[in-house]
Structures are given as C-alpha cells and as structure tokens.
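Undergrad: Here is how the chains run, residue by residue.
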Amino acid sequence: AQSVTQLGSHVSVSEGALVLLRCNYSSSVPPYLFWYVQYPNQGLQLLLKYTSAATLVKGINGFEAEFKKSETSFHLTKPSAHMSDAAEYFCAVSTGFQKLVFGTGTRLLVSP
Amino acid sequence: GAGVSQSPRYKVAKRGQDVALRCDPISGHVSLFWYQQALGQGPEFLTYFQNEAQLDKSGLPSDRFFAERPEGSVSTLKIQRTQQEDSAVYLCATIDYDDEQFFGPGTRLTVL
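From first to last, the protein sequence lines stand for chains A and B.
The letter at position 29 of the first sequence is residue 151 when you use my numbering, and the numbering goes up by one with no holes.
The letter at position 11 of the second sequence is residue 1095 when you use my numbering, and the numbering goes up by one with no holes.
To be clear, the hints were calculated from the coordinates, so they are not data collected in a lab.
Please read these numbers as outputs of a predicted model, since none were measured by experiment.
Just so it is clear, CB atoms sit at the ideal spot from N, CA and C, and this is done for glycine as well.
Take these hints with a grain of salt, some might be off.
Said to hold, decoys possible - Interface residues of chain B toward chain A, partial, derived using beta-carbon atoms under 10 Å:
1. Ser1115
2. Phe1149
3. Glu1184
To be verified - According to the in silico footprint, chain B covers these stretches of chain A (three or more CB under 8 Å from chain B):
4. 163-172
5. 224-234
To be verified - Derived CB-CB ranges, DEER-like:
6. Gly184(A) <-> Ala1086(B): 44 to 50 Å
7. Ser134(A) <-> Gln1101(B): 26 to 32 Å
8. Glu137(A) <-> Lys1098(B): 26 to 32 Å
9. Asn1135(B) <-> Glu188(A): 33 to 39 Å
10. Ser134(A) <-> Ala1086(B): 32 to 38 Å
Please build the complete structure, drawing on both the sequences and the hints.
TA: See the structure below:
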C-alpha cells in the first residue's frame, strides 16, 4: 500500500521568504510523486511531478522538489514566496499514472 | 472544452434523496477518475474508468454509490439515499494514457 504524510497542516511565511512544505511517502514499489495546488473553490492544479527521471524536479510558478529515496521524502520548495502562493498544497503518490493517494494537505499562508 | 467540467457546482440535498453528479472530460481522454474530498482532508479515490469499462471501484464507500460512463466520455456519479457523511466535494479527473491527471472544479455536495 502507498501513503503520504504531510507535516504541518498550516505553514506561515512572509512575502519574499523561503517556502518549504514537507512530504514523506511510503511505497513498496518505485513511486511516482506529485505536488498539486488548490485555490479556493477550484480544482487541483499540478505543480510538478517525479517519474523516476531527474531527482530534482522543477515545476510551475518557481516551485521545485527533490526526490530523496534514502529519506523517503519529496519536499516542495520555493526560494521567495509571493502573496499569490497562498493556497492549499497536496502531495500525492501513485504507481505510474494511476489512482493518486493524497496527503491531508498543507495550507500556505503568506503575510506581507 | 478546454478542461474538465463538472455539474452542478453546488448541490444541496435532504437526507435520503438521490443525487447525480456529472463529469465532462477533456475530449479524447481515455481514463477518468472520481475522488471524494471531505472538509479539511485530501482527496480520496473512489473509482476509475478506462473508456467505458469500470476497472476499479474499490474506493466506493458503500453500495449507495454508483458510477457509470456508458459511452466512454461523460461520467455520472450517483449517490442513493444520501446521508450527512456524504457531504464533501466530489472531484473528477481525466488523463490521456500515461500523463498527468487534469482535475475538474468539483461538485460540493451538502446533505442536510
């Protein structure tokens, strides 16, 4: 079975500060890993994905994530937060491009 | 259309009523997924179609939940005799073979 743990239901940063959202996964087979963002009353939008190629993955809006097998982690980072980054972020795992298993989400709050 | 659409966007039902939620996929997308997202939680997998075939329905919480995709395009998720615990956002996602899942905006179901 696969699972994802997101540490911290809420993360607060100041505008311009580093964003770090944590995700640890459990999988018995090589995983595919994803980060999605959800704005209020909208569907999920893919930020980036890891599919066993490069371990450092760059996504949209300046986000990136690094797959670390030894730590079973796939943390999401952005060097400088923007007010428009305030949203809910979900980490997800799957076997190939199949059904996704999501974490419980982390709400990112950005203050001026 | 350009993306996945879902209707209605909001549905209020009295306990015991039947509801039908519709998903219009991206044209030509073979695979379709339904997820349930309870308040404050990540989406949870309900069921999966490849064309008109329902290949996985392991996530459907009870026999009151039924999904169909008769012509391999539009899908309907039906919930019979709704209960308060069915209140959630129901998300539809589609993919074209091996690719990312594109999500619709969801249907927010409130059961009174």
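Undergrad: Tell me, in ascending order, the numbers of any earlier hints that this structure violates.
TA: 2, 6, 7 and 8
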